[in-house]
Amino acid sequence: SQTIHQWPATLVQPVGSPLSLECTVEGTSNPNLYWYRQAAGRGLQLLFYSVGIGQISSEVPQNLSASRPQDRQFILSSKKLLLSDSGFYLCAWSRDSRAFFGQGTRLTVV
Amino acid sequence: KNEVEQSPQNLTAQEGEFITINCSYSVGISALHWLQQHPGGGIVSLFMLSSGKKKHGRLIATINIQEKHSSLHITASHPRDSAVYICAVRYGGSQGNLIFGKGTKLSVKP
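Protein chains in written order, with our numbering: chain D, 1 to 110; chain P, 1001 to 1110.
Everything labelled a hint here was simulated from the structure, so no lab data went into it. Some hints here could point you the wrong way.
Stated by the list, open to error - Cβ-to-Cβ under 8 Å is the rule here; a few derived chain P residues that face chain D:
{"#": "1", "residue": "GLY1042"}
{"#": "2", "residue": "SER1045"}
{"#": "3", "residue": "ALA1083"}
{"#": "4", "residue": "PHE1100"}
{"#": "5", "residue": "LYS1102"}
To be verified - Below, computed lysine-lysine pairings styled on DSS-like, alpha-carbon distance capped at 30 Å:
{"#": "6", "chain 1": "P", "residue 1": "LYS1054", "chain 2": "P", "residue 2": "LYS1102"}
{"#": "7", "chain 1": "P", "residue 1": "LYS1068", "chain 2": "D", "residue 2": "LYS80"}
{"#": "8", "chain 1": "P", "residue 1": "LYS1105", "chain 2": "P", "residue 2": "LYS1054"}
{"#": "9", "chain 1": "D", "residue 1": "LYS79", "chain 2": "P", "residue 2": "LYS1102"}
{"#": "10", "chain 1": "P", "residue 1": "LYS1068", "chain 2": "P", "residue 2": "LYS1053"}
{"#": "11", "chain 1": "P", "residue 1": "LYS1102", "chain 2": "P", "residue 2": "LYS1053"}
Keep in mind that this is a model prediction, so the values were computed, not measured. Using N, Cα and C, we set each Cβ at its ideal position, and we do this for glycine too.
Taking the hints into account, I'd like the entire structure generated from these sequences.
Pasting the structure below:
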C-alpha cells in the first residue's frame, strides 16, 4: 500500500542546533517529493520539491536545505536553527494525480 | 500565478448545522485534495477529486472543473469536526506541484 512516514512528530531544539527531518515513502517509485512549512497562523508554503534522486528545487531562500539520497527518502536539514524556523513541517509525495501527506512535524526552536 | 483561495477563513457553527467550505483555483488542475488538520498539527487526507462528487460518512466533496471550484460539505456537524480544513491542488505536468490554500478554521459548538 502507498504510505508516507515522517518523523519525529514533535521536536524542540535550541537556537543554533542542527536539524534533520526525514520522510520516507512506500508503495511507489519515482514520486515527486515535497517539503512544506506552516508558520503560525499561515498556510502551507512550499520549501523544496524533488522530481528525482539528487534533484532538489528550492522555492524560498532560507536557513534550510533538502536532500534526496534515495528514490523514496527526502531529508530536510539545517546546520544552525533560528527562532524563525519554528513551525509545522509537512512532507508529501505525488505521482500522476495521486498525493499522500505525512503527519507533519511540529518544530519549536527555543 | 497559480493560486488557491479558500473561504471562509474562519467558521463557527452550532452542532448539527450543515457546513460548506469553498475552494477556488486559478488554472487547470489534475487533482484537488481536501485535508483535515487537527490542533496537534497532524494532517489527514479526506478526499482526492478530479471530477464530480465523493462522499464519506458525513463529508461530501464536489468539484466543478469548468468553474475551477470545489466545496467541502459537512452534514450534521459535531464538535469533533472542529479542525482546519485545507484545500490543495495538483497542477498538471510531471513536475506539477501541490499548492495549498491557507485553510478554513472550523469550530463547532455543542
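Structure-based check of each hint:
{"no.": "1", "hint": "GLY1042", "verdict": "5 Å, holds"}
{"no.": "2", "hint": "SER1045", "verdict": "6 Å, holds"}
{"no.": "3", "hint": "ALA1083", "verdict": "13 Å, violated"}
{"no.": "4", "hint": "PHE1100", "verdict": "4 Å, holds"}
{"no.": "5", "hint": "LYS1102", "verdict": "3 Å, holds"}
{"no.": "6", "hint": "LYS1054(P) x LYS1102(P)", "verdict": "22 Å, holds"}
{"no.": "7", "hint": "LYS1068(P) x LYS80(D)", "verdict": "42 Å, violated"}
{"no.": "8", "hint": "LYS1105(P) x LYS1054(P)", "verdict": "22 Å, holds"}
{"no.": "9", "hint": "LYS79(D) x LYS1102(P)", "verdict": "29 Å, holds"}
{"no.": "10", "hint": "LYS1068(P) x LYS1053(P)", "verdict": "14 Å, holds"}
{"no.": "11", "hint": "LYS1102(P) x LYS1053(P)", "verdict": "23 Å, holds"}
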